[in-house]
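Engineer: Chains as they are written, first to last, in this note's numbering: chain A, 69 to 553; chain B, 165 to 1080.
Source of the hints: derived by calculation from the structure; they are not laboratory data.
Only a predicted model underlies this, so the values are computations on that prediction, with no experimental measurement involved.
Backbone N, C-alpha and C fix where the C-beta goes; we use that ideal spot for every residue, glycine too.
Possibly wrong hints are sitting among the right ones.
Unchecked claim - Pair ranges (Cβ atoms, derived):
#: 1; chain 1: A; residue 1: R502; chain 2: B; residue 2: T665; range: 50 to 58 Å
#: 2; chain 1: A; residue 1: S536; chain 2: B; residue 2: F765; range: 48 to 56 Å
#: 3; chain 1: A; residue 1: K418; chain 2: B; residue 2: E320; range: 46 to 54 Å
Stated by the list, open to error - In the DSSO-like style, the derived pairs of lysine-lysine whose C-alpha atoms are separated by at most 30 Å in a straight line are:
#: 4; chain 1: A; residue 1: K427; chain 2: B; residue 2: K274
#: 5; chain 1: B; residue 1: K326; chain 2: B; residue 2: K274
#: 6; chain 1: B; residue 1: K326; chain 2: A; residue 2: K495
#: 7; chain 1: B; residue 1: K548; chain 2: B; residue 2: K638
#: 8; chain 1: A; residue 1: K418; chain 2: A; residue 2: K507
#: 9; chain 1: A; residue 1: K495; chain 2: B; residue 2: K549
#: 10; chain 1: A; residue 1: K507; chain 2: A; residue 2: K427
#: 11; chain 1: B; residue 1: K326; chain 2: A; residue 2: K418
#: 12; chain 1: B; residue 1: K542; chain 2: A; residue 2: K427
#: 13; chain 1: A; residue 1: K427; chain 2: A; residue 2: K330
#: 14; chain 1: B; residue 1: K638; chain 2: B; residue 2: K326
#: 15; chain 1: A; residue 1: K330; chain 2: A; residue 2: K495
#: 16; chain 1: A; residue 1: K418; chain 2: B; residue 2: K330
#: 17; chain 1: A; residue 1: K330; chain 2: A; residue 2: K418
#: 18; chain 1: B; residue 1: K330; chain 2: B; residue 2: K274
#: 19; chain 1: A; residue 1: K222; chain 2: A; residue 2: K495
#: 20; chain 1: A; residue 1: K467; chain 2: A; residue 2: K222
#: 21; chain 1: A; residue 1: K495; chain 2: B; residue 2: K638
#: 22; chain 1: B; residue 1: K542; chain 2: B; residue 2: K614
#: 23; chain 1: B; residue 1: K548; chain 2: B; residue 2: K647
#: 24; chain 1: A; residue 1: K507; chain 2: B; residue 2: K274
#: 25; chain 1: A; residue 1: K427; chain 2: B; residue 2: K330
#: 26; chain 1: A; residue 1: K546; chain 2: A; residue 2: K412
#: 27; chain 1: B; residue 1: K549; chain 2: B; residue 2: K647
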Amino acid sequence: MLLPIFGAGLVVPLSRVSERARAIGLTLVVALAAGLVALLIPGVLRGEIYGVRLFQMTPTISLSMRVDALGAMFAITAVVLWLLAVVYSFGYMADEHSTNRYFTFLMLALAWTLGVALAGNLLSFLVFYELFSILTYPLVVHEETPEAMAAGTKYITYIIIGGGLVLLAIMATYSMAGAQEFGSTAFFNADLSRTALLAVFWCFIVGFGVKAALIPLHGWVPDAHPAAPAPFSAVLSGIMVAAGSFGILRVLFNVFGIPLLKELGVAVPLSAIAAVTVIVAAILAIPQDNLKRRLAFSTISQMGYVIFGASLLSVSSMTGSFVHIANHAFMKGTLFFCAGVFIKRAGVHKVSEMAGIAKRHPITMAVFTLTSLSMIGTPPLSGFTSKWYLGLGVLDAGKPLYLVVLLGGALLAAVYLLPIIYAAYFKEPSPVVRDLLAKGSTAEAPWTMLGPLLAGTALTVVLGICASASGLPLSLAKLAAETLP
Amino acid sequence: MEGHVTYSVLPAVIVLLPFVASLLVRPLGRRSESLRDWYAVVVTALTFLGTVALIPAIAEYHVIGCEIPLLVGEITFSVDSFGMFFALFTSFVWFASTLYAGSYMQHEQKRNRYFTYTLAVLGANMGVVLAGDLISLYLFFEALGLLAYWLVVHTETPEALKASTKYLWMTVMGGFSLVAGIFIVFGLGSNGSLGSVPIAEGQTALAWAAATLMILGFGVKAGIVPVHIWLPDAHPVAPSPASALLSGIMIKAGAYGIFRVVTALFRPPIMEEVVEELWHFTTQLGFAVIWIGIATMFIGVVLALLQENAKRMLAYHSVSQMGFIITGIGVAGYLGAHGAMGYAGALYHILNHALFKACLFLGVGAVYFRTHELNMYKLGGLWKKMPLTFLFTLIAAFGITGVPLFNGFVSKTLIHHGLVEAVEHAAHLAHTTHLASWAQQATALSVAEKIFVVTCGGTAASFIKLIVFVFLGKPKQEFPGIKDAPPRMLVAMTALAVPITVLGLAPNFVLHGVVVPGLHMWGLHTAIIDEFVPFTSANLSSLVIPFILGPTIVVVGVRYGLFHAHFPAWFSVDYWYRRTARAFLAFCSVANRGYEAYVAFVSRLLARTFRQAARGSIRIRRTWRRFIVTLGTGAPGLRHQQFIDTAYVIIERERHGTVRHAVDAAIAAAETSGDTEAHEIERNAHAVRDLAMYMATRLSDERIAVVAELARTGRIEPLRMALEESMARVVELRPLVADVALRLAPRRMAGQSITRELAHEMNVIMARERFDLLLRESIPSWKVSQATARLGHRVGQTLPREEVALAYEAGSQAAAQLGHRIGQVLPNEEVMSAYRAGGLTRLENAARWIANTATGLIEAAIQERVPWMIEDRVDSRRVASTRLAIQRYVRDIGLNVGIAILMLLFFVLATVARGF
């Protein structure tokens, strides 16, 4: 399964022959991977679990892969978003430097992501997670401007510290519970020392929380996003941050398991942290003038929803949380694609410069509007689906006051997204836009950029309207929420 | 929902048809404008006909429904007689409005957009009233709100933009409030249908929260006080046909929502027997809703009286009329199983208001279409020029004020009856139960009833004003070439005006056709409606007060100019909302600034920590090096000792320089005097060197002594600069020394004693130099401090720091130049402070003593032997490196010797041990 992706790493240097060959080759490889992952889904939905042992390191420690509902959902989300990002990159990166480096690491990153999604035990999870974290550094600093380098340093510092904590926690887990595969039973049982369990738990949470941008640990996110190229920002927001959340989900449900979490009483503080993340990040998003930075804060807030839903431990809220990973990936990916179009085609980086831009980029702005509405949670778009399950979950968990967090976050999303749309459609054009309009050309982006944009929006709409169709993320999320230990 | 449910796709088709049809508007509009206009009319007509086609099915089965598997579960449609009732008048008024718009929109821009969204909003509105569960209801309600944004913003004038922004935010917040309510309803255990919500013990608070949130959510659309603020702004700025839809129909979507909340969600399950206890919650909710309605109607009418803009006035009347409707719904809830009168009044008034308000907007729109004037006080006398428009507007005004034979009379009478009945109900309960709360409620409701009557009077006043100022009286200005509205507009108004009179004359058609079957299905008593007769003398006499009050208000208002009064800004809720919003945004940016400051603080902290760590590591490395050096060459000494050591190197170099200068001078002198014998020259040079070295050494000793003394007593930094400055002047002494050496050399070579002369010359030179004075003189702080003392005396305590800084500056510049020349710079304060401050340990002292002695010995031994070759211009660097090499050599030797001694010791010990 991972083979085509490893092949992708090789494709890049080989197709130095011509840009076109590289473009077609890479697209085909990712599409192939997407197809393969999609092939797994019907089986997963039937409740089958695929697994393969890669190799045995010592009699007790091995690397293995395993496909369950949660992993399959994350994998298909990642690979589809990657497909969009790769195609978009051909348009976006056309006149950029060192594109080969960019594409190589982009493809490698996909491989590691799939590894994370489909890892069969904690060790293989860790291996892919670390590869994924560290080898994406070249993508973060791709622009090589001083800001990008500074952001990259910040990123790598945060990530390495987080990774260290995760490693520590995993070693503790192996020593306490032995080597176990992710499966239908949790690793730990309640006989173990409470203190040790608590220590391991918080180690895991802080370690993965760095990646998932829980609020005191989110520092790298708002710097890394504006610095990276737009297609990678999309992936960074949609998948990388989600990988941290995915790690937390694995820890919550596969390592500890719901009964133990309830007994330890750790879910309540975790949900409080997540709630703070949702609200504070959204409040901080409102005054940001840099568009990508605003979106980055939005990502922090939305990832807060994922942890929030998961930590409520009711089936509905877990479903909402899982499916929000997929929905958010496509929504935020599309928003970043839009931001990329504005940067590339109009040279507009700031919200204040976006006034009147809808006249020049009608399609992009329409897409932006639709996706923003989805982000706010307007039916029938996909954001509504996740918010719906989260809302039901909040009440199933018997905490109606958390509705304030859920809807407050959504309302704040409206506060930081709607003014952009309003300005773009109805305000007097800003000086930048006026100059562009004066030049005459309506210059929408090339099809390599518009295509992924429209596809992302289509996914947002389809995942909302046809949310309950079998095979879409919601079905996988439901299955996952029902079958997790 | 109970009853016989039958399956039919018709509701879904009715909802989806306008949505799909809206996609075709733009392509058609590009081809032909009139084709598009008629297309839109046909679509709305089809929608209306489709709704009419529902009637037989509803009459037979009571409820029809269908499901589409979409969204999080499925979208369901289910239609009962109430839903059908809403759907009927919605699609009918829409049809009229679209017909009217074909003509009216000719003077507006972006007509394609208008028709697209008109149709899409129709679909959403039909969806709201035909939806079969809460999720679908929410979906269509939200779609309605967001799509209608495009109708409000249509003209894109600054007012329209402002109003639409307000509208959008209210809609968004209303949506969130609604969805929160729906979540709680699900949390209470509902399955999402529009049926009774089970309220378990102890969950009353939650139920209240749900009801409040949902009523607020729907209320935003319905324009209830205090969330009405968007309505009077948004309705007038839209094009008139859209205003008619917004005011006539779309706010009914909100009313529909509140109706369902009060009468369907928060009521006990439908049973054969009515159990009064179960209705308690509904009663309380109904009481609250009555008061919301009363407040809305009264505040709406007061504000309406103050308006100049005709459309704005109508918009405030929409608020006020919604108050009547909400009151009706509240009465229905309050009276529970006996609330038939409330249901009938509310529903009937919903229908009536849709008709007459739409008609009024179309009428005023027609006036605007011809005159482009909306200010009532600037119009007048139009009845002659626009007779038909006048007629239809008058009919609608009769309707809204409740003139008998027009529809408003019937519905207002119904609501009034309901209110009176509510008072009696409360009074009856107060009598039977002796509970104070019932008595209070009875009093409160009778107050509400009075307000109701006053509001009717206000409404009458308001419309007398409209008719008089716009159509009657003398024209205030000339509108040349005005004729009546175009035919399509007139047809549309006719379509609305006819039902106004018909429904006023024959109310039972609706009451028995819709309300009674619906109530039967819900298991409520309907006998009271059967007994209702509109045109009784009691009902007519209840009109006396409003119809006296109305003209009175107009006369008094015009006389005293009350209609132009303005409340202060802080009086309106809008003002406070605005302030809250602004305060929130300010809070956000403060939060962000705080966050940025926090980030900056942390990164500065980190940077400082890193710097300190780096400095710490340097310190550790330096300590380690010093340790090694101490091992080999002895201790480095105290802080000032470090300085003295460095100064020593410089002074030593000056000594070498002096000697070399003398030797050079000797050779030069020999060359000029013509001496060619190399042997002689060399001997002479040697002699000169000996002498010069003696003198230079004495000078150096003197200097180093001075420096050492000053270093021990004074501050390092000024001393450093003074020394560097003085060394430049000390160089001047070189020729003097060379001179003396040259003069005395021949006598020395001749073997004479020159001790006395030499001592004398030395004294002269040293007296001339006075190195100590030289140094003290050039220490800036000492000079400055005198000036400072004087200055400080004059000005008070101020210290002229700039002066000090300048002096330092000058000193350090000289130092930099000198340092550049010598290649060795004296350590400055910062470097010095990095040196260890404390004293030496005993071990270090011993090591230092040994090392210094050894160095001195070796130095002395080597110095004697160094042949001062003439060509060998030893530069300063080599001196330093030689010195270092010697130190290393000594260290190595010392180590070797030490190791050798240790080994010897071990060897001895080992032998001794074996010996024992």
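Engineer: Now tell me, hint by hint, if it's right for this structure.
Structural biologist: Hint by hint, here is what the structure shows:
1. A:R502 to B:T665: 50 to 58 Å: holds (56 Å)
2. A:S536 to B:F765: 48 to 56 Å: Distance hint for S536 of chain A, F765 of chain B holds at roughly 49 Å.
3. A:K418 to B:E320: 46 to 54 Å: violated (24 Å)
4. A:K427 to B:K274: holds (14 Å)
5. B:K326 to B:K274: Given that 30 Å is the threshold and the Cα spacing comes to 19 Å, the pair holds.
6. B:K326 to A:K495: holds (11 Å)
7. B:K548 to B:K638: holds (11 Å)
8. A:K418 to A:K507: Holds: K418 of chain A and K507 of chain A sit about 20 Å apart, inside 30 Å.
9. A:K495 to B:K549: Roughly 40 Å separates the two Cα atoms, so the pair is violated.
10. A:K507 to A:K427: Distance of about 13 Å is within 30 Å: holds.
11. B:K326 to A:K418: holds (23 Å)
12. B:K542 to A:K427: Judged against 30 Å, a Cα distance of about 39 Å means the pair is violated.
13. A:K427 to A:K330: Measuring from Cα to Cα gives roughly 54 Å; hence the hint is violated.
14. B:K638 to B:K326: violated (35 Å)
15. A:K330 to A:K495: Violated, at about 52 Å.
16. A:K418 to B:K330: holds (24 Å)
17. A:K330 to A:K418: violated (45 Å)
18. B:K330 to B:K274: Holds: K330 of chain B and K274 of chain B sit about 22 Å apart, inside 30 Å.
19. A:K222 to A:K495: Given pair K222 of chain A, K495 of chain A is violated - Cα atoms ~37 Å apart, limit 30 Å.
20. A:K467 to A:K222: violated (37 Å)
21. A:K495 to B:K638: Violated: K495 of chain A and K638 of chain B sit about 42 Å apart, past 30 Å.
22. B:K542 to B:K614: This hinted pair is violated, its Cα atoms lying about 35 Å apart.
23. B:K548 to B:K647: holds (9 Å)
24. A:K507 to B:K274: holds (24 Å)
25. A:K427 to B:K330: Within the cut-off at roughly 23 Å; holds.
26. A:K546 to A:K412: Since the Cα atoms of K546 of chain A and K412 of chain A sit roughly 39 Å apart, the hinted pair is violated (cutoff 30 Å).
27. B:K549 to B:K647: With Cα atoms ~6 Å apart, K549 of chain B and K647 of chain B stay inside 30 Å; holds.
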